[in-house]
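So you can see what is in the structure, the chains are spelled out below.
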Amino acid sequence: MSADALIDIRGVTKTYGAGETAVHALRGVSLRVEAGEYVAVMGSSGSGKSTLMNILGCLDVPTRGEYFLDGSNVAGLSEDQQALVRGRKIGFIFQSFNLIPRTTALANVELPLTYAHLRRAERRTRANRALELVGLSDRADHRPNQLSGGQQQRVAIARALATGPRILLADEPTGNLDVHSTDEVLGMFDELNAEGRTVVVITHENDVAARARRLIQVADGRIVLDEVTR
Amino acid sequence: MSPRDLFGAALRGLSANKLRSLLTVLGVSIGVGAVIVLVAVGNGSGKAVQSRLEAMGTNLLTVSTTGGGGGFARGQAGPSAQQYALTLDDVAALADRRLAPDVASVAPVMTSSGTATNGDTSYTINQVIGTTPAYLPATNTPVGTGQSFTQQDVDSAERVIVLGQTTATELFGRAQTAVGQTVKLGAVDFVVRGVLASKDSTGFNDPNATAIVPISTLRATQAGYGALSQIVVQAADKDRVDLAQAEVTQLLTARHQVPATTTSPFRITNSAQILQTSQDTAATFTALLATVAAISLVVGGIGVTNIMLVTVTERTREIGIRKALGARRRTILGQFLIEATLLSLIGGAVGVAAALIMTQFQLAGVTPVLVPSSIALALGVSAAVGLFFGSMPAHRAAGLRPIDALRHE
Numbered sequence: 001m002s003a004d005a006l007i008d009i010r011g012v013t014k015t016y017g018a019g020e021t022a023v024h025a026l027r028g029v030s031l032r033v034e035a036g037e038y039v040a041v042m043g044s045s046g047s048g049k050s051t052l053m054n055i056l057g058c059l060d061v062p063t064r065g066e067y068f069l070d071g072s073n074v075a076g077l078s079e080d081q082q083a084l085v086r087g088r089k090i091g092f093i094f095q096s097f098n099l100i101p102r103t104t105a106l107a108n109v110e111l112p113l114t115y116a117h118l119r120r121a122e123r124r125t126r127a128n129r130a131l132e133l134v135g136l137s138d139r140a141d142h143r144p145n146q147l148s149g150g151q152q153q154r155v156a157i158a159r160a161l162a163t164g165p166r167i168l169l170a171d172e173p174t175g176n177l178d179v180h181s182t183d184e185v186l187g188m189f190d191e192l193n194a195e196g197r198t199v200v201v202i203t204h205e206n207d208v209a210a211r212a213r214r215l216i217q218v219a220d221g222r223i224v225l226d227e228v229t230r
Numbered sequence: 001m002s003p004r005d006l007f008g009a010a011l012r013g014l015s016a017n018k019l020r021s022l023l024t025v026l027g028v029s030i031g032v033g034a035v036i037v038l039v040a041v042g043n044g045s046g047k048a049v050q051s052r053l054e055a056m057g058t059n060l061l062t063v064s065t066t067g068g069g070g071g072f073a074r075g076q077a078g079p080s081a082q083q084y085a086l087t088l089d090d091v092a093a094l095a096d097r098r099l100a101p102d103v104a105s106v107a108p109v110m111t112s113s114g115t116a117t118n119g120d121t122s123y124t125i126n127q128v129i130g131t132t133p134a135y136l137p138a139t140n141t142p143v144g145t146g147q148s149f150t151q152q153d154v155d156s157a158e159r160v161i162v163l164g165q166t167t168a169t170e171l172f173g174r175a176q177t178a179v180g181q182t183v184k185l186g187a188v189d190f191v192v193r194g195v196l197a198s199k200d201s202t203g204f205n206d207p208n209a210t211a212i213v214p215i216s217t218l219r220a221t222q223a224g225y226g227a228l229s230q231i232v233v234q235a236a237d238k239d240r241v242d243l244a245q246a247e248v249t250q251l252l253t254a255r256h257q258v259p260a261t262t263t264s265p266f267r268i269t270n271s272a273q274i275l276q277t278s279q280d281t282a283a284t285f286t287a288l289l290a291t292v293a294a295i296s297l298v299v300g301g302i303g304v305t306n307i308m309l310v311t312v313t314e315r316t317r318e319i320g321i322r323k324a325l326g327a328r329r330r331t332i333l334g335q336f337l338i339e340a341t342l343l344s345l346i347g348g349a350v351g352v353a354a355a356l357i358m359t360q361f362q363l364a365g366v367t368p369v370l371v372p373s374s375i376a377l378a379l380g381v382s383a384a385v386g387l388f389f390g391s392m393p394a395h396r397a398a399g400l401r402p403i404d405a406l407r408h409e
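Chains A and B, in that order, are what the protein sequence lines are.
So the first sequence is numbered by the UniProt record's numbering: it starts at 1 and just counts up by one.
So the second sequence is numbered by the UniProt record's numbering: it starts at 1 and just counts up by one.
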């Protein structure tokens, strides 16, 4: 057990509600993800995989258990410190892209950099570079509603990459995409992982999971399978 | 996030829904504009009354009799009306410097009304004043063209007349041509000696629709030998009005043998007091208007809250995204607070501009006089309204848990 695991959750449970109506979304999950891994988390709906993703992304806090992200205990952090962790260490990619409407692609990519207190010029440069990386430099001034689904998701990836996070956390990233765009996005994940970036993808599609090198299956709030596939 | 970025985000947020922002701005601007305009109207009407009263002369006392006196016990015979009637002897006594040293001049006033005719043109003068030449300077009524009548005219009951501006124009077309002409008042011909300078209206009556004749002539031709309507007393100095009033009261009480137990049958109005009273009234009036306007400002503020609440609900998902991207609580708070404050500040600026334009015109017959502090106050209040009414929605936005905000559909 190396001390520098990027993600290390121990005995995490998550319960919504209380008493008779309590819903146990996670019933004790322990998981370690080393830097540079490419992990797919699979499970049917209601299995708890989304809850797991939210906890991994510091969007939600566990009811019980500990979460060490990059060596520091996230559970003890204040709301603002958690915001800082989200901004610095995690890049989110969502199924519904979640771009800010009526805001250009470039401004969307700049947003996390703004929250990270970067200067204007620096922000511009890094955002442009990130857009270039996803091949959308020529769409910088387009608004989300002027972009196709695949393009929107690529903007979202650029936004997730802009701050140079250690982890890319993708929640059903291809759920709303056609086959061609899915290939494009997954190819991008492959490349990013090849460059050493840690990628965690939540999915229920087998062909998406097949691209990962480690497969974790969640059912009924527990990890039922954890195997290295490639 | 730097202030500039916050500001930019807030501006983008507002411009995303232009019509809604515009209507909210309108609500605030109506409130701010109403405060400034209504305060200016209240102030303007107060100022107008004040200047007219000052034009009337602030060292003026008007004595009239209230009639029966009042205050006497039941069964006891009331004093006859004649006992307290004001007479020309009273005027002579008041004019005596030894008896009333603080009185500068005294003029008797009898009023009547009548129809004046010039050939085929006739005009009903609602106030024909019979008096002495002292009346004009005492009441600050200068003669515009021609001249006043003299004490000699009074002594010999000459049939001469000084017309008010309106009367002269009604009868002769142009006021200047009236001097020297003859006017028939009732059945008697009067020679026009002069025309009064135009006076500002003090109320509902046109002060220019008058005619002034020697009191002796009026008594002989129109009003008979009844009591005087008023005695106009001019104090020697503005600071001696109270002294003069005391002397007049004392003198009249003594002359008419008013019992000490009854309330004074004479009413003496002091123009300085009227001025004070009217200023108080104007202040109350202004306060009332300002209150009404303040209510509309509060309503505008509630509009800001309402719109911000809608905005926060509508943009819950956006807030969730921003939080997922690392936005801190105070960043979200700042963005929404700035949005709310911008809404009300823009509203405030528009309101001030509209008010500045509106106060250039007469409103309800009043020339508004801007109160500079009301502008500062209205602007300050509008900014405060934004901060105050915007803080609740902004806190709600900032307090959203990212996961709840992201799940919001």
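If you are wondering where the hints come from, they were derived from the structure by calculation, not from laboratory data.
Where a beta carbon is used, it is the ideal one built from N, C-alpha and C, also for glycine.
Mixed in with the good hints, there may be bad ones.
To spell it out: a stretch of chain A is covered by chain B in this simulated footprint if at least three of its residues, at any positions, have a beta carbon under 8 Å from a beta carbon of chain B; those stretches are [claimed, not checked]:
#1 92 to 105
#2 111 to 119
#3 189 to 198
#4 216 to 229
Restraint-style ranges between C-beta atoms, simulated for each label pair [claimed, not checked]:
#5 B:Lys47 to A:Arg119: 44 to 50 Å
#6 B:Val299 to A:Asp207: 35 to 41 Å
#7 B:Asn306 to A:Gly164: 21 to 27 Å
#8 B:Asn306 to A:Asn145: 47 to 53 Å
Under 8 Å between C-beta atoms, here's a sample of chain A residues computed to sit facing chain B [what the hints assert, rightly or not]:
#9 Gly87
#10 Arg139
#11 Arg143
Hint check results:
Under a criterion of three residues with beta carbons nearer than 8 Å to beta carbons of chain B, the stated coverage of the region 92 to 105 of chain A is upheld, 8 such residues being counted. With a cut-off of 8 Å between beta carbons, the region 111 to 119 of chain A has 6 residues touching chain B; three or more are needed, and the interface restraint holds. Taking a C-beta to C-beta cut-off of 8 Å, the region 189 to 198 of chain A contributes 0 residues in contact with chain B, too few for the three needed, and the coverage statement is violated. Here the region 216 to 229 of chain A counts 0 residues with a CB under 8 Å from a CB of chain B, which misses the bar of 3, and the coverage is violated.
Lys47 (chain B) and Arg119 (chain A) have their C-beta atoms about 55 Å apart, which leaves the hinted 44 to 50 Å range violated. Checked against the hint of 35 to 41 Å, the C-beta distance between Val299 (chain B) and Asp207 (chain A) comes to roughly 59 Å, which is inconsistent with it. Separation of Asn306 (chain B) from Gly164 (chain A) is about 42 Å and departs from the stated range, judged on CB atoms against 21 to 27 Å. Between Asn306 (chain B) and Asn145 (chain A) the beta carbons are some 27 Å apart, a value that contradicts the proposed interval 47 to 53 Å.
The criterion of a C-beta within 8 Å of any C-beta in chain B is met by Gly87 (chain A), whose closest approach is roughly 2 Å, and the hint holds. The interface hint given for Arg139 (chain A) is violated, since its Cβ lies 19 Å from the closest Cβ of chain B, which is over the 8 Å cut-off. Proximity of Arg143 (chain A) to chain B is violated relative to the hint, the smallest CB-CB distance being about 11 Å (cut-off 8 Å).
Hint compliance for this structure: hints 3, 4, 5, 6, 7, 8, 10, 11 are not met, and every other hint is.
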